[in-house]
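**Q** Put the two chains together into one complex; each comes in its own frame, and the hints tell you how they fit.
Listed below are the residues making up each chain.
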Amino acid sequence: MKLIIAAIKPFKLDEVREALTGIGVRGMMVTEIKGFGLQSGHTEIYRGAEYAVNFVPKIRLEIVVADGLADQVVETIRSTARTDKIGDGKIFVLDVEHAVRVRTGETDDDAL
Amino acid sequence: MEKTMRFSGLAALVPALMAGLPAWAQETAEAAPASALDSGDTAWMIVATVLVMFMILPGLALFYGGLVRAKNMLSVLVQVTGIAATIMIVWVVYGYSFTFGGSESPWFGGTAKLFLKGVTATSESGTIPEYLFIAFQMTFAAITPALIVGAFAERMKFGAVVAFSVLWVTFVYFPIAHMAWDANGLFFGWGVLDFAGGTVVHINAGIAGLVGAILLGKRVGYGKDNMAPHSLPLAVTGAGMLWVGWFGFNAGSALGAGTLAVLAVLNTMTATAGAVVAWLVIERVLRGKAAALGAASGIIAGLVAVTPAAGAVGPVGAIVLGAVASAVAYWFVAVVKVKAGYDDSLDVFGIHGVAGIIGAIGTGVLASGSFGGQGYAEGVTMGAQVWTQILAVAITVVWCGVVSAILYKVVDAVIGLRVSTEDEREGLDLTSHGESAYHN
Numbered sequence: 001m002k003l004i005i006a007a008i009k010p011f012k013l014d015e016v017r018e019a020l021t022g023i024g025v026r027g028m029m030v031t032e033i034k035g036f037g038l039q040s041g042h043t044e045i046y047r048g049a050e051y052a053v054n055f056v057p058k059i060r061l062e063i064v065v066a067d068g069l070a071d072q073v074v075e076t077i078r079s080t081a082r083t084d085k086i087g088d089g090k091i092f093v094l095d096v097e098h099a100v101r102v103r104t105g106e107t108d109d110d111a112l
Numbered sequence: 001m002e003k004t005m006r007f008s009g010l011a012a013l014v015p016a017l018m019a020g021l022p023a024w025a026q027e028t029a030e031a032a033p034a035s036a037l038d039s040g041d042t043a044w045m046i047v048a049t050v051l052v053m054f055m056i057l058p059g060l061a062l063f064y065g066g067l068v069r070a071k072n073m074l075s076v077l078v079q080v081t082g083i084a085a086t087i088m089i090v091w092v093v094y095g096y097s098f099t100f101g102g103s104e105s106p107w108f109g110g111t112a113k114l115f116l117k118g119v120t121a122t123s124e125s126g127t128i129p130e131y132l133f134i135a136f137q138m139t140f141a142a143i144t145p146a147l148i149v150g151a152f153a154e155r156m157k158f159g160a161v162v163a164f165s166v167l168w169v170t171f172v173y174f175p176i177a178h179m180a181w182d183a184n185g186l187f188f189g190w191g192v193l194d195f196a197g198g199t200v201v202h203i204n205a206g207i208a209g210l211v212g213a214i215l216l217g218k219r220v221g222y223g224k225d226n227m228a229p230h231s232l233p234l235a236v237t238g239a240g241m242l243w244v245g246w247f248g249f250n251a252g253s254a255l256g257a258g259t260l261a262v263l264a265v266l267n268t269m270t271a272t273a274g275a276v277v278a279w280l281v282i283e284r285v286l287r288g289k290a291a292a293l294g295a296a297s298g299i300i301a302g303l304v305a306v307t308p309a310a311g312a313v314g315p316v317g318a319i320v321l322g323a324v325a326s327a328v329a330y331w332f333v334a335v336v337k338v339k340a341g342y343d344d345s346l347d348v349f350g351i352h353g354v355a356g357i358i359g360a361i362g363t364g365v366l367a368s369g370s371f372g373g374q375g376y377a378e379g380v381t382m383g384a385q386v387w388t389q390i391l392a393v394a395i396t397v398v399w400c401g402v403v404s405a406i407l408y409k410v411v412d413a414v415i416g417l418r419v420s421t422e423d424e425r426e427g428l429d430l431t432s433h434g435e436s437a438y439h440n
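Protein sequence lines correspond, in order, to chains R and B. Quick note, the first sequence lines up with residues 1 to 112 if you use the numbering used here. Quick note, the second sequence lines up with residues 1 to 440 if you use the numbering used here.
Bound-form chain B, shown alone (with noise of 0.2 Å):
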């Protein structure tokens, strides 16, 4: 288990080094050099894919879905549902390949392992099987474009989500986690801290949301209707399942049972519970009162803000981590969102964005052994570190910002975005799926 015992972000990511070297597969397969499969670490990582799975059905699809209402309930959970399935498929067939393929570019892994060429089960992937490596992976490709989806709640069309979503992996995420988790990648090479995905998951999904709700625009009675949260119970106990969900998120990105795991699921823990308290006490202070739907958010802001650190700062400096992306995510969502009249509907971007940003930039600082955290590179200081986080945020944000924006004009052209106005109006449930949630 020596060989398990890890110290910072970077050498997480040697499995992912590895599987990015099209010569392994084919070295096992003729000079079968001894096995590096570690039993201890591939039992934690199925249970940690399971609870990525956990993580968007029933997690992420009950947070929203309460959060809508109640007329567009089931329009949730459906897209939800078939983003993710539909983006499992994309993953297989081109997806991991296009990820982590084995190219040398720093965009783009390449066509090597179309239809997972190559991988059989025997493969291995650091001390995992590599088939293990790619279920996990999955998950990670799935939840992202089914985190848009609240951006857009309550007005696009089923075929249209589906259909931006399949382009969106394509031509977002795949480049994108290439570059943050490819040993060949730009910000690999590059030494961003991104432990579990703040740029890849949460800044992109963020940013994504962001441009589909000010291209699709206003909800019909924006402002008018009372479009308040058809159920809180739900939504509540969607977050408390995103947050259980999310050890296998962070705890997993650790590619094993060690350490560096171990301090992450702390992190998750210290960070998330930062962030609930701060936004209970912001509201507390600015309202008169601390809320439920506070609660749940100070949670999601939390556990976006602790993604890219969970392996490398403290779990003292997480739960700073925690407050200071819940405090500026809270003045997002109830100052800025309401100035600039864009209607995110679920406040994609006011919290998975804004708190990812934090995040990412907050993992430069307190990553400095000391604040407690783990420490940099050889040579590499604190400034110089923040600094290549701005830079991996900044190309994220232009990238995912003028792709998504393209790609929703090219739905939009196609088989068109929106819902018309009679069947919003009447509610997606019973107008794109022809259900009711709930009966009197």
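Bound-form chain R, shown alone (with noise of 0.2 Å):
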């Protein structure tokens, strides 16, 4: 089994979800966080007074799939999330040892 961790503009949320379940992803979690990376924020103006806004609003996804998938998933999240323009976001793919479905007990693949 893959963890695969992504970070991606927000407005891009819903049309990654629809093209995971596409290719048979069936469960997410999506968490609302702030980061930077070569994008580098930008500036607001209160009054004279100006603030550089550091940290960009990001979605996080993490999926767990079968090893089989986890390729055809990050393809999908890359093709999906992207827009040419700096700030696309990242994709961590990463192994995972060990999963529990909590309502049944079934493990690994199967509790997916």
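To be clear, the hints were calculated from the coordinates, so they are not data collected in a lab. One thing to keep in mind: the hints can contain errors.
[Claimed, not checked] Okay, derived cross-link-like pairs now, DSSO-like style, lysine-lysine, Cα gap no bigger than 30 Å in a straight line: (1) Lys90/R <-> Lys9/R; (2) Lys34/R <-> Lys224/B; (3) Lys71/B <-> Lys9/R; (4) Lys289/B <-> Lys85/R; (5) Lys117/B <-> Lys71/B.
[Unchecked claim] In silico negatives: residues of chain B with every beta carbon more than 12 Å from chain R: (6) Thr42; (7) Val166; (8) Gly375; (9) Asp412.
Think of the CB as a built atom: it goes at the ideal place given N, C-alpha and C, for glycine as much as any other residue.
**A** Pasting the structure below:
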């Protein structure tokens, strides 16, 4: 099993969710986060006061899938979340040791 | 109703003149002359009084509350509410007497009406009950010190805020309100045009705010931390409520439901519209974007500028007045304040003080019949009127500046003005009031 963590632009969430459902992903965790990468933030002005906003709002996705599906998930997120502009996000893939479904006690691939 | 036809700001103050004569109540009791009460005027003035109350809560409280950081939201709400309630009590105990007590002094209303002595439910002030005049003027006394809160927001002790407000109305607001609105008052005698309180309310609050911002010093982290408004939707909501309530403030200052009140209604619309458009255009041109905070700031600048002018200028002149005041206020908050380096948290001086001064002097110009205004008193030229306006502004600035500085020092010596640095960092909501505005 693989854990795929992706940071994407917030307005891309629905599109990504739909595309992933389409290739057989049956669950994901979503968090609103702030962060920075190559995109450096922006400036806000309130009457004369200027403030640099260094952390940009993003959505963090966490998806656990069977090994065979991982590459397809990564490729789907990449192609769907992409706008070709700076700040499109990053994707990380990690190994997962063990999974359990709370209701039934099923484990690993059966639990996904 | 013919007798309520009024054509100039001065004529509107006749009821105040009557209220200023101590003999009035006695005569009513003894000779029982025909009552001058007008139910239309009375009905309108009840509404106007409630509208000014609406400016304080929720209008001003939300406007200021939205502009501070989330950790200080409640402190602003409590300060505005606490000040207003305290000053309402002070007004009945001695404020009304000190302002409209009937003394012949140009500075002081005297002690004849302490605890509203001699005033009864049937006492009259012009065409309305005197109790109604007292209630209407009470709301003015209550909102003015609450306006100052914006200048020292996010760093002053709650007890110090209330103590300063009581001292400040006693030694600054009551004398200057007496000067402007009582028949024996200094400005009144000079023929100063101050229809609804540009000097008394806005220049006064602006100067007291500036002095406070300088004496208290900058907020911790000023210039480094992000101090952006925590909720512009609330700030714009509050500004909109202020705009609505201001019709009570300005049109109510006609003290009746006649033609003068209607002129003030229209001027309050057009001046504010001019100010909003001016602020947004300036931002769009200079900064590239027209902002929500700019729209709210334009609303306040326009309303402040038209306050002294509401019954004296014409509806088209008012547009110009609002636009000019807005432009100067913009320059003040975006350029001058930043360079001068004082921390007037919510720009009480930059908007109320500056737009108030432009409004007071501009009223002298735009009252001219050639600009569609209501004209001057007989034998008064534009130059003479403008000079009178400038003198009134100067006296207000000096009196308020000097006395406010002394009062801040007194409060500092007795209870201290500022909260501790740790409390300031944690936020006044928790450290001064034991509550949080928002829970996740």
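**Q** It remains to establish, for every hint, whether it holds in the given structure.
**A** How the hints compare with the structure:
| no. | hint | in the structure |
| --- | --- | --- |
| 1 | Lys90/R <-> Lys9/R | holds (10 Å) |
| 2 | Lys34/R <-> Lys224/B | holds (20 Å) |
| 3 | Lys71/B <-> Lys9/R | holds (29 Å) |
| 4 | Lys289/B <-> Lys85/R | holds (22 Å) |
| 5 | Lys117/B <-> Lys71/B | violated (44 Å) |
| 6 | Thr42 | holds (41 Å) |
| 7 | Val166 | holds (30 Å) |
| 8 | Gly375 | holds (37 Å) |
| 9 | Asp412 | holds (27 Å) |
In terms of the numbered hints stated before, the structure departs from hint 5 and from no other.
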